[in-house]
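Spelled out, the chains give:
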Amino acid sequence: MNNKNTHPLVHISGINKYFGEGDSRVDALRDIDLDVYAGQVVALLGPSGSGKTTLLNVIGCIQEPDGGHMALDGDVVYDNGKWLRSDLRALRLEKIGFIFQFHNLLPFLNALDNVSLVLELAGHDKALARKRAMELLLYLEVDHRSQSYPAKLSGGEAQRVAIARALANHPKIILADEPTAALDSERAGIVMDLLRKVAVEQKAAILAVTHDEKIFDRFDHIFHLRDGKLDE
Amino acid sequence: MNLAYRDIQHNMGRFLLTCAGLSLLLGVVLSMIGIYRGLVADALTLVRTPAAHIWVVEADTRGPFAESSRIPGDTREAVMRLHGVEQAGSVTYQSVETVHNAKKLRVYVVGYELNRPGGPSHIIEGRAIAKSHYEVVVDRRTKLKLGETLRLGSYNFAVIGLTDGQVSSGGDPVVYMALKDSQELQFDLAPSAARLEIARGNTPDNSDLDTVNAVLARLTLHASPDIAAETVRRWKHMGAMTQQEQEDILIKSVVEKARKQIGLFTTILLIVTTVIVSLIIYTMTMDKIREIATLKLIGAPDRTIIGLIVQQALAMGVIGFTLGALLIMSTKDNFPRRVVLQPEDGLLLGVAVIVVCILASGLGVRLALKVDPATAIGG
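In order, the protein sequences belong to chains A and B.
Numbering-wise, our numbering puts 50 at position 50 of the first sequence, and it's gapless, one number per residue.
Numbering-wise, our numbering puts 1209 at position 209 of the second sequence, and it's gapless, one number per residue.
For the record, the hints were derived by calculation from the structure and aren't laboratory data.
All figures in this text were calculated on a predicted structure; none of them were measured in a lab.
A virtual CB, placed ideally from N, CA and C, is assigned to each residue, including glycine.
Listed below are several chain A residues computed to face chain B (Cβ distance under 8 Å; list not exhaustive): (1) 56; (2) 62; (3) 100; (4) 104; (5) 107; (6) 108; (7) 109; (8) 113; (9) 177.
Computed far set for chain B versus chain A, every beta-carbon distance over 10 Å: (10) 1040; (11) 1047; (12) 1101; (13) 1114; (14) 1331; (15) 1358.
Please construct the entire structure, taking both the sequences and the accompanying hints into account.
In structure tokens form, the structure reads like this:
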């Protein structure tokens, strides 16, 4: 599904990120170059502390890199050591969907409201937001649990609701942190199939951090991070 | 979507329990203000009941409430001759402790001349005093009933009327009796003391009995209280003050310390409330760190997160205040002293609670704004 004739949805080059100074300095990311295209599902592997989450945070505009260049969906957002957008939260809302290891649904909102919240935050009318949220739940086959609170959902159901939330604003980039770690093989497979479906149908780029060997075969590319360096 | 409301709705039990705790604290604050107002109201009741314009008392005293005052009983006749005086009456005031039905009963006895200023302003049950001796009208807080006999000093008095809202500045219920009775109660020596005086060769002089604590005067419509009081002040051994001066003395002398004490206590309670609300909001925010991080990550603006915290703090304050006010309104009559709840005090405290909640939520807001959205991502 790679379409290298178009621009990559995630384009980073020469990205560095370090923590601390002097002797205590840790280089979490070193000269990282990565392109992820629409329709691609990409895995990021690496041992604990290798910089996977840091890379995800940088691409998610949560942590500022220390040099390099980054463009998301064609917009250059970081260059020459500074952010080029001041409204990073709005940028995330508009372009990036997040999927977490433990779903991170808001416990005080039911499944439908967890999804429609993102749409309301983006300025959609409440009724339209709920309609779209319901469509997404239907798409992910959890519409029958729309009124259930996260505590009442199974792990797989909660993760599907979380995916629905991540998709709510039609993001071009979906960042997933261990999306199947809390699921058994069967449910992990279902979630990965869903992500694949989303990538293809919505022309989104999906970048997932994972340790889950049982899903390695579901990725188009697998990148390894070791001591802050990226290898395919 | 109102996240504060949804969070409250989801944790309703815990939230209401927190509000209930806060309501007790705010109820105490409100009751302190009510007790202060009650203190002032109690102190002014006795001064206002006679509806006098000037109070004639012993020279160089601030009697009869702030200091003791003794003046001859015939002072009333001199006062009556003053220009502009319409009515005048002699009065005595004294605290008496007695035993009734095997229980200690502390009352404030007011002696007055029948059909002259100084008596009870209204009777709620029974009748007013009609005889010069051995009849009393009592405030219902004495819990005495019509027809009961009350022993004061060496005398028995029949309860023939009930009044209400008549208490001294100390909160003791008032017992009204005829002036002669009160003079005997206040100035007559006990039999043993009288015998001792006779043994010493001192003959009790009945003229000593004709002493009163003050003379109250009501003026005609156009007469000036200031001029009347100034005229009396020129008399030998007499002092006088207007109704306003008497009220000022009572508030400043009798209730000033209590006012400061209660004011200080109320301030401390408000500070304690601020600290407690701050800690509650801070703890509630700490409990929601991951949710706040998730909200930031998915793109929620700061105003949404601030709204979540501040609205919950305000809801807690408003519900806590309302419950506290309802609690005190429903129990105020069971307090040993009068609790006066005035709408403006409630409004002022309500505004103070809102300010306290906004200030208190600052700590939670500060914490929330510092939450790193990366917290939502593991690793």
